[in-house]
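Novice: Use these hints to put chain R onto chain Y, whose structure you have.
If you read the sequences in order, they're chains Y and R. Counting in my numbering, the first sequence runs from 4 upward without gaps. Counting in my numbering, the second sequence runs from 4 upward without gaps.
Hints are not guaranteed to be accurate.
No distinction is drawn between identical chains; accordingly, a pair holds when it is met within one copy or between any pair of copies.
[What the hints assert, rightly or not] With a straight-line Cα cutoff of 30 Å, these simulated DSSO-like cross-link-like pairs (lysine-lysine) come out:
#	residue 1	residue 2
1	185	55
2	203	5
3	41	55
4	185	131
5	28	203
6	42	166
7	5	185
8	117	41
9	195	117
10	166	203
11	117	146
12	51	203
13	28	42
14	126	77
15	166	146
16	203	82
17	28	195
18	42	55
19	203	55
20	185	117
21	131	117
22	77	131
23	5	51
24	131	82
25	28	146
No lab work stands behind these hints: they were computed from the structure.
There are 2 protein chains.
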Amino acid sequence: MKIAIFLFDQFTALDFVGPYEVLTKLPGAQILLVGTEKKAYSDHTGLKIPVKHSIDEIDQADILLIPGGFGIDKVLSDKRVLEWVRHINETTTWTVSVCSGALLLAQAGLLTEKTCTTHWRRKDQLRKFPLTVVDERYIQDGKFITSAGVSAGIDMALYLVSKVAGDQAARMIQLAIEYDPKPPFDCGSPEKAPEEILQKLSR
Amino acid sequence: MKIAIFLFDQFTALDFVGPYEVLTKLPGAQILLVGTEKKAYSDHTGLKIPVKHSIDEIDQADILLIPGGFGIDKVLSDKRVLEWVRHINETTTWTVSVCSGALLLAQAGLLTEKTCTTHWRRKDQLRKFPLTVVDERYIQDGKFITSAGVSAGIDMALYLVSKVAGDQAARMIQLAIEYDPKPPFDCGSPEKAPEEILQKLSR
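Here chain Y stands alone, though its shape is the one from the complex (with noise of 0.2 Å):
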């Protein structure tokens, strides 16, 4: 099972590394970091990830993964990731995003008429495409899963790994990452977050 995670520029790490973790546990997953060139890629923050495949030498995937980050709207005018995205998606049995990562989907066009998700900062600019944004975790549309910010993508990625290869095989990868969550606060929402919290954030 073929896996391609496409990274970027400004990327946001837990985006990756949340639904990384999970995905490499999946029986017979090869993921493939696949980036614009062969390179060490930064996130937000300077951490870099170094890269091992052009979109140039990969044609196919049966999972393509979108993350998200600061980066995604520069990569949203780049005409040879839109046609790379569309062309692999031809390929895939899913097409997945994290966070912002969906805007990328919506632009290549292939969330038209679609429900989805994604961070709540980002819901107002997803809206401005063809398709109908909801307040869930992650959304199931077809053979698509976006999910919300950040770290939903590690809920999403044991969603994903229960369609690939069973409950069974999500309830082990959950017990093995010890995925029993516990927040000091309760505060991981926009509707949970008091307004001077939501107004600091949202400017």
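Specialist: Here is chain R on its own, set in the frame of chain Y:
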């Protein structure tokens, strides 16, 4: 605020990146990735993270964070690392671990008579030291905070932020990473897992 994160070959990527994503958002944080050498370290899947600082160059940190991973066992017998961990701990306000990273703190003699935790599969190993192991997502004892397996580092890091910069700072970061977890299954701890899955993973 200087935060040193120690990496080693065969670390677990999410042990490191979960808290990293949280702590980079802590106001004034300067995160230093540190290894025995300046080189790229690989997680157990071959994902490489370049490390800019060798332990010889870093002699102080406000926070020391030790992630876990299969490779921790090899590090436990590295006297140079143990000496460095002991020395840095003398300079820290907080010394914390994720997953099997607690074993390195214990081996360095820092957790003697402390109450702590680790990945569920590592608890018997940690119990060989003169300390108390508890079943908690994370546990603070004085300036030490140890956490359960892999994904528990996110919860621990949010708690750590609340101690360092206050509850509002932690809530703001939780909202920024949209950490409102909704795992599709409830199988994230050995108490919740079916016996069959537990057996398979315990082998």
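Novice: Are the hints correct? Go through all of them and say.
Specialist: Hint check:
Taking the shortest Cα distances, residue 185 and residue 55 never come within 30 Å of each other, neither inside one copy (36 Å) nor across copies (33 Å). Taking the shortest Cα distances, residue 203 and residue 5 sit within 30 Å of each other only across copies (25 Å), while inside one copy they are farther apart (41 Å). In the homo-oligomer, the alpha carbons of residue 41 and residue 55 lie at most 30 Å apart both inside one protomer (5 Å) and across protomers (21 Å), since each shortest distance falls under that limit. For the identical chains of this complex, residue 185 and residue 131 are inter-copy neighbours only, at 27 Å across copies versus 35 Å inside a copy, given an alpha-carbon limit of 30 Å.
Taking the shortest Cα distances, residue 28 and residue 203 sit within 30 Å of each other only across copies (14 Å), while inside one copy they are farther apart (38 Å). Neither within a single protomer nor between protomers do residue 42 and residue 166 lie at most 30 Å apart by alpha-carbon distance, with minima of 32 Å and 38 Å respectively. For the identical chains of this complex, residue 5 and residue 185 are inter-copy neighbours only, at 26 Å across copies versus 33 Å inside a copy, given an alpha-carbon limit of 30 Å. In this assembly of identical chains, residue 117 and residue 41 lie within 30 Å of each other by CA distance neither inside one copy nor across copies; the values are 32 Å within and 47 Å between.
For the homomeric pair residue 195 and residue 117, the shortest alpha-carbon distance inside one copy (27 Å) is at most 30 Å, but the shortest distance between copies (35 Å) is not. When the C-alpha separation of residue 166 and residue 203 is checked against a cutoff of 30 Å, the pair qualifies only between copies, where the shortest distance is 21 Å, while the shortest distance within a copy is 38 Å. In this homomeric assembly, residue 117 and residue 146 come within 30 Å of each other (Cα to Cα) only inside a single copy, at 10 Å, whereas the closest approach across copies is 49 Å. Only within a single protomer do residue 51 and residue 203 lie at most 30 Å apart by alpha-carbon distance; the minimum there is 29 Å, versus 35 Å between protomers.
Both within a single protomer and between protomers do residue 28 and residue 42 lie at most 30 Å apart by alpha-carbon distance, with minima of 25 Å and 26 Å respectively. Only within a single protomer do residue 126 and residue 77 lie at most 30 Å apart by alpha-carbon distance; the minimum there is 18 Å, versus 46 Å between protomers. Proximity of residue 166 and residue 146 under a CA criterion of 30 Å is satisfied intra-copy only: 10 Å inside one chain copy versus 43 Å between copies. For the homomeric pair residue 203 and residue 82, neither the shortest alpha-carbon distance inside one copy (34 Å) nor that between copies (46 Å) is at most 30 Å.
For the homomeric pair residue 28 and residue 195, the shortest alpha-carbon distance between copies (20 Å) is at most 30 Å, but the shortest distance inside one copy (32 Å) is not. In the homo-oligomer, the alpha carbons of residue 42 and residue 55 lie at most 30 Å apart both inside one protomer (7 Å) and across protomers (17 Å), since each shortest distance falls under that limit. For the homomeric pair residue 203 and residue 55, neither the shortest alpha-carbon distance inside one copy (38 Å) nor that between copies (33 Å) is at most 30 Å. In the homo-oligomer, the alpha carbons of residue 185 and residue 117 lie at most 30 Å apart only across protomers (22 Å), although the nearest pairing inside one protomer, at 32 Å, exceeds that limit.
For the homomeric pair residue 131 and residue 117, the shortest alpha-carbon distance inside one copy (13 Å) is at most 30 Å, but the shortest distance between copies (54 Å) is not. Taking the closest pair of Cα atoms, residue 77 and residue 131 come within 30 Å of each other only inside a single copy of the chain (17 Å); across copies the shortest separation is 52 Å, beyond that limit. In this assembly of identical chains, residue 5 and residue 51 lie within 30 Å of each other by CA distance both inside one copy and across copies; the values are 23 Å within and 19 Å between. Taking CA atoms no more than 30 Å apart as the test, residue 131 paired with residue 82 passes inside one copy only; the shortest distance there is 19 Å, against 58 Å between copies.
Taking the shortest Cα distances, residue 28 and residue 146 sit within 30 Å of each other inside one copy (21 Å), while across copies they are farther apart (34 Å).
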